[in-house]
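Student: Chains A and B are the protein sequences, given in the same order.
Count the first sequence with our numbering and you get residues 314 to 627, in order.
Count the second sequence with our numbering and you get residues 7 to 221, in order.
Because the hints were derived from the structure by calculation, they are not lab data.
Being a predicted model, the structure only gives us computed values, none of them experimental.
Incorrect hints may appear among the rest.
[Said to hold, decoys possible] Which residues of chain B face chain A? A few of them, derived with a C-beta cut under 7 Å, are:
#: 1; residue: Gly34
#: 2; residue: Pro43
#: 3; residue: Ser173
#: 4; residue: Thr175
#: 5; residue: Leu176
[As the list claims (entries may be wrong)] When the alpha-carbon atoms are kept at most 25 Å apart in a straight line, the in silico SDA-like pairs for lysine to any residue are as follows:
#: 6; chain 1: A; residue 1: Lys418; chain 2: A; residue 2: Phe454
#: 7; chain 1: B; residue 1: Lys116; chain 2: A; residue 2: Thr587
#: 8; chain 1: A; residue 1: Lys470; chain 2: A; residue 2: Thr604
#: 9; chain 1: A; residue 1: Lys624; chain 2: B; residue 2: Thr36
#: 10; chain 1: B; residue 1: Lys116; chain 2: A; residue 2: Ala565
Don't be surprised by glycine CBs; every beta carbon is placed ideally from N, CA and C.
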Amino acid sequence: MPAYRPPHIAASEITPRDIYMSRRNFMGAAAAAGLAFAGADSAFAAPLSAKPSAFKLDETLTPKEAVTTYNNFYEFGVNKDDPAANSGDFKPTPWSVKVDGMVGKPKDFGLEELMKMNLEERTYRMRCVEGWSMVIPWIGFPLSAILDQVEPLGSAKYVSFETVVRPEEMPGQKGFFQPLPWPYIEGLRLDEARHPLAILAVGLYGETLPNPNGAPIRLVVPWKYGFKSIKSIVRISLVEKQPETTWKNANAREYGFYSNVNPAVDHPRWSQATEQRIGEGGFFGANRRPTLPFNGYADQVASLYEGLDLKANY
Amino acid sequence: MPRRYHKASVWALYVVGLIPAAWYFYLGSTGGLGFNPVKEFEHQLGIWALRFIIATLAITPLRDLAGINWVRYRRALGLIAFYYVLLHFSVYLSLDLRFDFGAVGGDIAKRPYITIGFACLLMLIPLAVTSNNWSIRKLAQGWNRLHRLIYLIAAGGALHYVLAVKSVTLVPFIHIGLIALLLAYRAVRRPIMNWKRGNNKPAKPVASQRARQNG
């Protein structure tokens, strides 16, 4: 794999550490003073500190309320406000993630251990396949950090991921009309999974992950459409063959295994050339912006796909 | 309902029918439609258009099978459906695509669900224009034939909805199911009506045949 080139960021664009830390202190103090964080979606969210990273964007952050109340998480219902409304009973602790398959040292990672990884705050764009986008300050660590610990075998070529199944806590998983088969499953090529941009997120906006965002741990692959970034992960397996993925199984013509953000390859039913940035413009001033190849991360990830026909491998 | 209230009740239907559009517009302009308000407004207008098309199609089976004669409301229901389709398209054109006619043209040409939706809007125009007593008299049996277009429009609207959503979940399923049921009824209507009247009695011609005989 070619060397990773960090994005060029002017020193002036990086928030000075003292300001950054003072915000943390304020948030810690607020929590200590017993101030509740508003909203049912934050029922399990607690302050979480992480060191700043070089992954910042010169774009306005999507308001936290939008990030936590405008979600696709079909386990809690198919409408955008369903995850915030219906995830109050979901218990993200205790939790563990089983990492197995073609590895030398399979392991169950307890949440406590995952929360002690080298956590960084990273601001990424998130582009939904439906044509909207957000800018989100995640807290997490590179997926490669846990892959390294389990020592993948040479024969492992792909990584598969699985979401928890808990119909008693996830109303979208029970009832007569099920929009998708459960568990929700996703997958990456091993080299994609090891790319420094791919992270497991355990928080956002300085707090542990709220339930609608995939508590307590989720994948974030910022150069792919949002549905690839699987939520509430219970299992990660290293495998030899390209794993099945939920949306590809549901409709292979429309949702491919790669699903890299690509303005030049339309969804069969709608254009992917532009996107609506959520929280921007409002009712009378909504303004779509052009979608960028690999969601603006082409400099870092395009080399993963050299020689691959991106139209055929959508 | 006493006959003298019929006319007033039709006008009341126009007012009530347009309340959802006004309500969602109010919510949208005051920040009450969530974080993607234009899409939400657009979708609600589309869903309400389908609901009024469903109501329009339900008038005949309601009279045939339940003996409830609400034919006096059918014109209003059809016209309200047309207004919702028109609003749906106008919001897409103005608030969503900001009058980018190139993008609108591209969508209509390239995206089957938008091609179908736009065709339905165009087909609704002659129906709306001829929704008056003068046209009914003037066109005679031609009016009946022309207004059978609503079956094609309803099917097109349902298809437009199926193709526009990421997956057919419960709400789309209910709307599409109702349209399918109401369209299927048209295919079996004649045998059902014959059976209801009894096989030994001569079948009375249905409305369209009557019009043909009179004309």
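Student: Now tell me if each hint is right for this structure.
Tutor: Evaluated hints:
no.: 1; hint: Gly34; verdict: holds (4 Å)
no.: 2; hint: Pro43; verdict: holds (5 Å)
no.: 3; hint: Ser173; verdict: holds (5 Å)
no.: 4; hint: Thr175; verdict: holds (4 Å)
no.: 5; hint: Leu176; verdict: holds (5 Å)
no.: 6; hint: A:Lys418 <-> A:Phe454; verdict: holds (20 Å)
no.: 7; hint: B:Lys116 <-> A:Thr587; verdict: holds (15 Å)
no.: 8; hint: A:Lys470 <-> A:Thr604; verdict: violated (30 Å)
no.: 9; hint: A:Lys624 <-> B:Thr36; verdict: violated (42 Å)
no.: 10; hint: B:Lys116 <-> A:Ala565; verdict: holds (20 Å)
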